[in-house]
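These protein sequence lines map, in sequence, to chains A and B. Sequential numbering from 1 applies to the first sequence in my numbering. Sequential numbering from 1 applies to the second sequence in my numbering.
Just to be clear, a hint being listed does not mean it is correct.
[As the list claims (entries may be wrong)] Short derived list, chain A residues pointing at chain B, Cβ under 8 Å:
| no. | residue |
| --- | --- |
| 1 | F13 |
| 2 | G37 |
| 3 | G58 |
| 4 | R91 |
| 5 | Y244 |
[To be verified] Quick look at which bits of chain B chain A covers, simulated, 3 or more residues with Cβ under 8 Å:
| no. | region |
| --- | --- |
| 6 | 51 to 63 |
| 7 | 70 to 81 |
| 8 | 126 to 133 |
Please keep in mind that the hints were generated in silico from the structure rather than gathered at the bench. Here a beta-carbon is modelled for each residue, glycine too, at the ideal position from N, C-alpha and C.
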Amino acid sequence: MLARVWQMKAFDFHRAHDVDDALAVAGTTGGSYYAGGTNLLDLMKLGVTQPSSLIDIGRLGLDEITATDSGGVLIGSGVTNSAIANHHLIRTRYPVLSHAILSGATTQLRNMATAGGNLMQRTRCPYFMDVTFRACNKRRPGSGCAALDGFNREHALFGASRSCVAVHPSDMAVALAILDAVVHVQSREGARSIALSEFFQLPQDHPEQDNALSPGELIVGVELPPSEYAFHSWYLKVRDRHSYAFALVSVAVGMTIDDGIVTSAALALGGVAARPWRSPDAEAVLVGNVADITTFGRAAEVAMNGASPLSQNQFKVDLAKHSIVRTLHMAATRR
Amino acid sequence: MTAGSHPEHTVELSINGVPVAVQTDVRSTLLDLLRERLQLTGTKKGCDHGLCGACTVNVNGRRVVSCLTLAVSIDGATVLTIEGLADGEQLHPLQQAFVDHDGFQCGYCTPGQISSAHALLGEHARGDLSAASFDGPYTDLARGPETLSTNEIRERMAGNICRCGAYPNIVEAIASCLPECGR
Numbered sequence: 001m002l003a004r005v006w007q008m009k010a011f012d013f014h015r016a017h018d019v020d021d022a023l024a025v026a027g028t029t030g031g032s033y034y035a036g037g038t039n040l041l042d043l044m045k046l047g048v049t050q051p052s053s054l055i056d057i058g059r060l061g062l063d064e065i066t067a068t069d070s071g072g073v074l075i076g077s078g079v080t081n082s083a084i085a086n087h088h089l090i091r092t093r094y095p096v097l098s099h100a101i102l103s104g105a106t107t108q109l110r111n112m113a114t115a116g117g118n119l120m121q122r123t124r125c126p127y128f129m130d131v132t133f134r135a136c137n138k139r140r141p142g143s144g145c146a147a148l149d150g151f152n153r154e155h156a157l158f159g160a161s162r163s164c165v166a167v168h169p170s171d172m173a174v175a176l177a178i179l180d181a182v183v184h185v186q187s188r189e190g191a192r193s194i195a196l197s198e199f200f201q202l203p204q205d206h207p208e209q210d211n212a213l214s215p216g217e218l219i220v221g222v223e224l225p226p227s228e229y230a231f232h233s234w235y236l237k238v239r240d241r242h243s244y245a246f247a248l249v250s251v252a253v254g255m256t257i258d259d260g261i262v263t264s265a266a267l268a269l270g271g272v273a274a275r276p277w278r279s280p281d282a283e284a285v286l287v288g289n290v291a292d293i294t295t296f297g298r299a300a301e302v303a304m305n306g307a308s309p310l311s312q313n314q315f316k317v318d319l320a321k322h323s324i325v326r327t328l329h330m331a332a333t334r335r
Numbered sequence: 001m002t003a004g005s006h007p008e009h010t011v012e013l014s015i016n017g018v019p020v021a022v023q024t025d026v027r028s029t030l031l032d033l034l035r036e037r038l039q040l041t042g043t044k045k046g047c048d049h050g051l052c053g054a055c056t057v058n059v060n061g062r063r064v065v066s067c068l069t070l071a072v073s074i075d076g077a078t079v080l081t082i083e084g085l086a087d088g089e090q091l092h093p094l095q096q097a098f099v100d101h102d103g104f105q106c107g108y109c110t111p112g113q114i115s116s117a118h119a120l121l122g123e124h125a126r127g128d129l130s131a132a133s134f135d136g137p138y139t140d141l142a143r144g145p146e147t148l149s150t151n152e153i154r155e156r157m158a159g160n161i162c163r164c165g166a167y168p169n170i171v172e173a174i175a176s177c178l179p180e181c182g183r
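Chain B with its partners taken away, still in its complex shape (with noise of 0.2 Å):
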């Protein structure tokens, strides 16, 4: 494909607290800009059909597919990548709880992974629901559930594969890191 045959446009963000204007093909997704614009490669591409999580990062505070995010419809947005978490070289809780459960095998969906748990702790603290809070008590409808059990871990994760099962270890990781690790 030749650059100049297509529209290009340019697109403004904040990356990992880092602002960023770059020009791009609109057929570009998130992914893709990441990845090979911007050579934040942590970020994984997998199915790149919004099927797998590899690819999940944070837009605007919400954790998405970035695959099938087009780049140039997040014009202004705020990003935040698994290369924006750690604090220089002292890794964030979750990444450390990772390690100590083992919590991957080849790694390669990891960066998705945790990209997705760190949101999805941010998610059960303000109340957010999953289809498992249902089993639960009517009353944790409104409020949501106060603790996050092993099958609301695994529903809220349901969006995140690993070919090499490491979900027991994923999980066990995320449930350590209850409930201060979503900041």
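Bound conformation, chain A alone (with noise of 0.2 Å):
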């Protein structure tokens, strides 16, 4: 393992004192962010990603989580994912948030992982991660997808393409989906927000960019509108093991509910598509409905609608419906 470690190519490494610093390097040198590193180190040991160049963003002071003036909050890029996940605010106002990104990974990844780093980790589709596989369309373009036709039990059920079956494995992002977050990031020319929903791109024909970034453009904050969803939410995970392991499916829901009837509503899936999978259609179906076993069993149909099962994933699709009843249940009857 040790000789495979040094097959890293070397590489020139910059710490970047401010934003304008880092944008400055970024745009000199062309190399990659690097923060947490716990996905693009691991990356670079496997030579999937080699950068000439990585520019340190740890010290930029993007680490804190602030109260914005609309209720909501602002969340440095920088800061980790245990930090997030147990600062009060996320705790009291956004436990749907805390949930997730604690049913994923580790508390030593999520020491590490920042929210900016949790929205660019790359899919562990096992043909990407393996550069002894030649196929894999998002590590080198125009190569095929070893997945489309091999183990791809893992794999996406919406918005793939013949390019690419990868899913994101986030499970944070699920919850910022329902949470309605927007993406603030700077490049050199300014600085522009992305709405979640905007922020992760389905493969089509180009499954090696996976988002709406421009190169060297750096992610600063993910934003929360105010949410009325603190009491009745829940996230559920499911996957091969109990913990630390990648989602199967998973569900985000978020609901008010007034004298037994659904009144608003939100519910994005995971470990589906390359993407988040928010489901309107499920959302219509709730909304104005007692909150029961009945509408939840509806709402799963209707969001499991269009799902296209690849050769070893159908199971997916009866476990996917299972789950959002379930999650549907626990958010509705949260104690």
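Using the hints, put the two standalone chains together into the complex.
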């Protein structure tokens, strides 16, 4: 294993002092931003990616969570997953975000991984992660997709293409999807905001492009608008073992319930697409109806309409339906 | 690999209370720095990909996997390794608990298990949550669970794999040590 590590190519290392410095160095070197490194350094060891430069963005001061005037919160992109999940504003106003984050990885990794890095992490498709497989359009554009007719039991049900059937691995992003998060980014041209729903890109013909960022653009924060879902929310992650594995299916739900009737709802699935998969149709079924198993079952059916299973992941359709019902039940009956 | 052909960086760290300055290859992880350059071989290399937890150490008060920690990125940090837990010949109470409860067989994962458990006790004491905390009452989410159930310990130790399967005794050792061993 040691020999394999030293296959890692040497690189230039720059410690950025502030955001402008980071953007400038990225512009001149074409390097990769480095924060927690839990995914990037691993991919470098595996030879999946070989950046010529790393720009350390760990000391840019983007490590705070602040309340916004609108009643929401702004999470600096350098805040660790552990710090987000344990922050009092997140626990009390957005517990589903804490729940989702704590459902992923381990304490050691969450202590290192950051909000920005979580959004930037790559798929764990085995054909992407192992360079001995020749065909992976995400790793080598134009080389094909080995998963399409290969080992694909963990792969996509929605939004895939002939060129890529990989899923995005983030739990955090699934919760961010139901919270209508906004991603703040900066480049040397200026700042812009990207709705989370627009941040991740479906593969179509260019699976090498995971998201809407331009080269050199840097995530500086993730903003959450005020949420009414603090009480009736839940995150369920179903996987091959009880802890420390990626999702086969996950579900994030937020609702408001008045006198037994669902008055608003947001529902998103993880582990089924290259982005968190919001289901407006399921949300429409929920709103205005009694918060009971019958309604939840109808929402689950509607949510999975249009699923396109692959050769080995048909089971995920039923798994997702049952998971949706259970998640809605947990959110509705939260003590 | 020839050392001269790649960029070298000086990294200054405080390791178990001792200041060190060491020249290192830019690609070196904290794990390799500890083991290969500083001969602190208590910290173990298992998978080298952040999966097994054998390399767990504490950096700036937080447990991390040292195999995915780029040494140059933590210049100036305070590091606590398994070698820093005992007080001379006096075992740390958590180390003693692992002995008393037979919390290992081959012992390879043990430094990582103990380093991880040491941090766990501190995290619980300050009210951190785990995914298992959501199985409890809603009020637990604001304060953190008062007691550490077996489920809580198992979830919080999920990042440390023991191939011998000594898990029941590891959990017992940690549970026996609550809460004062986290310091």
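For each hint, the structure was consulted:
Here the hint on F13 (chain A) is kept, as its CB sits about 5 Å from the closest CB of chain B, short of 8 Å. Of the supplied interface hints, the one on G37 (chain A) holds, with its beta-carbon coming within about 6 Å of a beta-carbon of chain B, less than 8 Å. Given hint, G58 (chain A) at the interface with chain B, holds; its Cβ is 6 Å from that chain's nearest Cβ, closer than 8 Å. Among the interface hints, the one on R91 (chain A) holds; its C-beta lies about 5 Å from the nearest C-beta in chain B, closer than the 8 Å criterion.
Because the smallest distance between the Cβ of Y244 (chain A) and any Cβ of chain B comes to about 4 Å, under 8 Å, the interface hint for this residue holds. Restraint check on the region 51 to 63 of chain B versus chain A: 4 residues with Cβ-Cβ distances below 8 Å, three needed, restraint holds. Under a criterion of three residues with beta carbons nearer than 8 Å to beta carbons of chain A, the stated coverage of the region 70 to 81 of chain B is upheld, 4 such residues being counted. Counting residues of the region 126 to 133 of chain B whose CB lies closer than 8 Å to any CB of chain A gives 6, so the stated coverage by that chain holds, three being the minimum.
Every hint from the earlier list agrees with this structure, and none is contradicted.
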